[in-house]
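**Student:** Using the hints, position chains B and C against chain A.
Letter by letter, the chains look like this.
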Amino acid sequence: MSKTPLDFEKGAHEALGSATLQQALGKFQTGYPLLRARAMQSLPDFEKVRTKAARIKDFSLKNLEQLTNQYREKVEANGGTVHICETAEDARKTVVEICRQVEAKKITKSKSMVTEELALNDALEAAGMEVLETDLGEYIVQLAGERPSHIVGPALHKTKEEVAKLFKAHHKTRRKRETGEQLVREAREVLREQYFASEVGITGANFLIAETGTAVIVTNEGNADLCRILPKTHIVVTSMEKVIPTLDDLSVFLRLLARSASGQEMTSYTTLVSGPRGPGESEGPTSFHVVIVDGGRSKLLGTEQQALLRCIKCGACMNVCPVYMSVGGHTYGWVYPGPIGAVLNPVLNGFGTMYHNYQASTFCGACEEVCPVKIPLTKIMRDWRTRAFQERIPGLGARLALWLWAAIAANPFLYNLAAGAGIPILRALAGKKGVLKSLPFANGWMKDRVLDAPEGGRFVRGRKR
Amino acid sequence: MAVNKGKSVALFATCLVDLWRPAVARAAERLLIKAGFKVAVPSGQTCCGQVNYNSGDQKGARKLARRHIMLLAPFDYVVVPSGSCADMIKNHYPALFGGDLDVQKTAQVLSGKTYELTEFLVRIARWKPAREKGAKRKLVYHDSCSCQRSLRIYKEPRLLLEAQGKYDLQALTGEDRCCGFGGLFSVKYGEVSSHMAGKKTAAITALEPEILTGADLGCLLNLSGKLKAEGSACEVRHIAEILAEEEA
Amino acid sequence: MKTRAETFAWNVKNQLGKVHQVASLEKVPALVRRLAEQLGLEPKAVVAAASDLKDINWKGLEVEHRPAGIEDVLGISRAMAGIAETGTLVFASGKSNPPSLNFIPEYSIAIVRESELVDTSEEVWAILREKQPFPATINMVTGPSRTGDIEQTLFLGAHGPRELHVVMVKS
Numbered sequence: 001m002s003k004t005p006l007d008f009e010k011g012a013h014e015a016l017g018s019a020t021l022q023q024a025l026g027k028f029q030t031g032y033p034l035l036r037a038r039a040m041q042s043l044p045d046f047e048k049v050r051t052k053a054a055r056i057k058d059f060s061l062k063n064l065e066q067l068t069n070q071y072r073e074k075v076e077a078n079g080g081t082v083h084i085c086e087t088a089e090d091a092r093k094t095v096v097e098i099c100r101q102v103e104a105k106k107i108t109k110s111k112s113m114v115t116e117e118l119a120l121n122d123a124l125e126a127a128g129m130e131v132l133e134t135d136l137g138e139y140i141v142q143l144a145g146e147r148p149s150h151i152v153g154p155a156l157h158k159t160k161e162e163v164a165k166l167f168k169a170h171h172k173t174r175r176k177r178e179t180g181e182q183l184v185r186e187a188r189e190v191l192r193e194q195y196f197a198s199e200v201g202i203t204g205a206n207f208l209i210a211e212t213g214t215a216v217i218v219t220n221e222g223n224a225d226l227c228r229i230l231p232k233t234h235i236v237v238t239s240m241e242k243v244i245p246t247l248d249d250l251s252v253f254l255r256l257l258a259r260s261a262s263g264q265e266m267t268s269y270t271t272l273v274s275g276p277r278g279p280g281e282s283e284g285p286t287s288f289h290v291v292i293v294d295g296g297r298s299k300l301l302g303t304e305q306q307a308l309l310r311c312i313k314c315g316a317c318m319n320v321c322p323v324y325m326s327v328g329g330h331t332y333g334w335v336y337p338g339p340i341g342a343v344l345n346p347v348l349n350g351f352g353t354m355y356h357n358y359q360a361s362t363f364c365g366a367c368e369e370v371c372p373v374k375i376p377l378t379k380i381m382r383d384w385r386t387r388a389f390q391e392r393i394p395g396l397g398a399r400l401a402l403w404l405w406a407a408i409a410a411n412p413f414l415y416n417l418a419a420g421a422g423i424p425i426l427r428a429l430a431g432k433k434g435v436l437k438s439l440p441f442a443n444g445w446m447k448d449r450v451l452d453a454p455e456g457g458r459f460v461r462g463r464k465r
Numbered sequence: 001m002a003v004n005k006g007k008s009v010a011l012f013a014t015c016l017v018d019l020w021r022p023a024v025a026r027a028a029e030r031l032l033i034k035a036g037f038k039v040a041v042p043s044g045q046t047c048c049g050q051v052n053y054n055s056g057d058q059k060g061a062r063k064l065a066r067r068h069i070m071l072l073a074p075f076d077y078v079v080v081p082s083g084s085c086a087d088m089i090k091n092h093y094p095a096l097f098g099g100d101l102d103v104q105k106t107a108q109v110l111s112g113k114t115y116e117l118t119e120f121l122v123r124i125a126r127w128k129p130a131r132e133k134g135a136k137r138k139l140v141y142h143d144s145c146s147c148q149r150s151l152r153i154y155k156e157p158r159l160l161l162e163a164q165g166k167y168d169l170q171a172l173t174g175e176d177r178c179c180g181f182g183g184l185f186s187v188k189y190g191e192v193s194s195h196m197a198g199k200k201t202a203a204i205t206a207l208e209p210e211i212l213t214g215a216d217l218g219c220l221l222n223l224s225g226k227l228k229a230e231g232s233a234c235e236v237r238h239i240a241e242i243l244a245e246e247e248a
Numbered sequence: 001m002k003t004r005a006e007t008f009a010w011n012v013k014n015q016l017g018k019v020h021q022v023a024s025l026e027k028v029p030a031l032v033r034r035l036a037e038q039l040g041l042e043p044k045a046v047v048a049a050a051s052d053l054k055d056i057n058w059k060g061l062e063v064e065h066r067p068a069g070i071e072d073v074l075g076i077s078r079a080m081a082g083i084a085e086t087g088t089l090v091f092a093s094g095k096s097n098p099p100s101l102n103f104i105p106e107y108s109i110a111i112v113r114e115s116e117l118v119d120t121s122e123e124v125w126a127i128l129r130e131k132q133p134f135p136a137t138i139n140m141v142t143g144p145s146r147t148g149d150i151e152q153t154l155f156l157g158a159h160g161p162r163e164l165h166v167v168m169v170k171s
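Protein chains in written order, with our numbering: chain A, 1 to 465; chain B, 1 to 248; chain C, 1 to 171.
Looking at chain A on its own, in the form it has when it is part of the complex (with noise of 0.2 Å):
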């Protein structure tokens, strides 16, 4: 894996001058935490219940290896197949044979996340196949050739015009695409079709359950059901820390996710699919299959950051993240932005790659007050900070910098003594407004920001105890 990081500057500084990616941001900033806040009055024990829904996912992770063997066995026996995947490309592989083996030409796909993980649709395209993506903001997505900028609202970052003007160069035909009213309505009739013309759909997964064998599937708009009513042959593609014990376990976090997401009490279609049709059925798909992708997971088993698996992928730690609200989701460079990008990338990226996803945090704590599954967001990120400082990934300058700092403050002879030539430095540089506009070393600082000069003197040398 290459250790060179991504560059996030750049990302940020373009991120930055977009005028409509900014008041998309700004627009979710305001309206997210009022619609979070009204859904959360009906559950005025938040605290009990994320309490319990992460003790829920600790006894599931300690014990992963049994409950998916019980999950396995359940959907065996429901007549679908369950395949486990310790990489990304077993997955892909293992996802292109099955619709190989069906003769897929065209297949449908609700949005998940994992696949973007996989890049899936790349690999079934390279083989062949033609992709429908049918959740609207990752349909847009799709058709701009981008990734998704949110893992809720993929297209979050597009505007009413440019989603009209994909549709104008994409769909080939004449209509009216004024509001948001049309441009729904033209997606829905465009897409209805592709579900009955394809032969394969691909769902994810928020949970699979042991007890049941049962995928449950949660989205608004329905499209993941037509996925998997309408093709003969229904994919499951999810990852290996999605597996809870029982049935009452979901209703737990049915209780958080939707809050959690988009500020509901409940998104509209809860889909729970433990087979193919079943017997005397006379739709739903008559083969089922549900690949499990490791992917790098398994590393944090048993690890002091295995915590960041209690993830359920709700992206309520990116709605609050004042740095996600500035620079949005495509600078962070990979799958998973925000606050659970930066601590989940770089483990299944790699940690030199993925660098500045885990630096560029204030530490606010913004996330970790809304996670409903009570995931030590910033303390992952400082022990990632801290393995990297360790491996050496930051450059010697920096590591430099730091051991020069820790030995100076550990020697008040010393510390004073810098202090004695610095200050004045600083306050001659500054002038008479005391004021630093450019200071070598901090510059980063200079950005339409001054810097006040040090007011002069010190308090804490020359005292008497």
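These aren't lab readings, by the way, just hints derived from the structure by calculation. There's no promise every hint is true.
List time: in silico PhoX-like cross-link candidates among lysine-lysine, alpha-carbon distance up to 25 Å [said to hold, decoys possible]: (1) A/Lys10 x B/Lys188; (2) B/Lys59 x A/Lys93; (3) A/Lys447 x A/Lys433; (4) C/Lys2 x C/Lys13; (5) A/Lys379 x B/Lys105; (6) B/Lys63 x B/Lys188; (7) A/Lys379 x A/Lys299; (8) A/Lys165 x A/Lys176; (9) C/Lys2 x A/Lys232; (10) B/Lys113 x B/Lys34; (11) B/Lys188 x A/Lys379; (12) A/Lys447 x B/Lys188; (13) B/Lys59 x B/Lys138; (14) A/Lys433 x A/Lys62; (15) B/Lys188 x A/Lys437; (16) A/Lys379 x B/Lys34; (17) A/Lys176 x A/Lys160; (18) A/Lys379 x B/Lys59.
Chain B is nowhere near these chain A residues, computed Cβ spacing over 12 Å in every case [claimed, not checked]: (19) His13; (20) Gln66; (21) Glu178; (22) Glu391; (23) Pro412; (24) Glu455.
Ideal Cβ placement from N, Cα and C applies to all residues, glycine included.
**Tutor:** Just chains B and C now, with coordinates in the frame of chain A:
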């Protein structure tokens, strides 16, 4: 006040205050004396190690933490005019010494007696500034993330400012949002940091306050630098200075 | 204190569903005719083949008991339970209850008896555990289909129904 009399308080000034705005520490010292404590300023205090700690340099952080644990442990209380440095001592020092039980024990005891300044004045000293008369000046209080989230301090500075009666405290939109300082973050990701500061100053300027105050000098330098770059005349002062101010 | 039925109805409306209350199943066809007229739809529907829906006289309506197809505009489905806590309808797939009825038609009518209402999802699991085999597909439906994917504005009828009418049957 009798309970406080004679108890020793170590004032940990923090490196930023000591080097940049020593007046803040002098003000904090005056406040603690007014509240009836015997104030000590242990010499040899420098930086709590937060910069190294948050940058992943555990070794450097431990070196500085160990030094300050020994320096501050002998006192009844330790008071810090900064939420983030108080949080470092209170919530992170013990975790740094997982393998060293002796130091960890001392760190744990220190954790229990370390307070951010406004928290200490309200919860422990039960002290309030004398009420002053006169026209009220419009003031915005900025909550640092360390204060409001790590230390759960929200009411305390407001109680103190209201008791003083000199200020018309404004409610800030998005008061729970980070100002973008974040220590080295403000230098390493300067553009993002400055943008975050800009969202904050926009909310502040909309209220047209005469004074902006807070308990963390880092945030205040950030916001002051942003406000000045935007041409605002809003005065930025640490809450210790505001509270220690007496009528001329 | 609200009764369970009141809580359920309140939550369905809160989730942008529409609520109708009828005294008995026999009253459903007239309600459907009226709704179709109000919505400007032809008086025809695809209807779940649940035994109690097959037994009633659908006079004045052209009904077919089959899965929904692309041309169908009005679907009538039969819930096995309703969850008061969230205003959620629960459908278990089976011979007589094809899931497509809840997703393909633009207008969806769901029928649930008040005696089938429960307080929480946990109670539904208890009922489902008794079913053998476990249903291949269970749909929990809370309000109509919606999306916020265009400029964070809420639009109904994204892929599923734009209107969900919940008919609560008293007896």
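**Student:** Going through the earlier hints one by one, which of them does the structure break, listed in rising order?
**Tutor:** The structure breaks hints 2, 9, 13, 14, 16, 19, 22, 23, 24; every other hint is satisfied.
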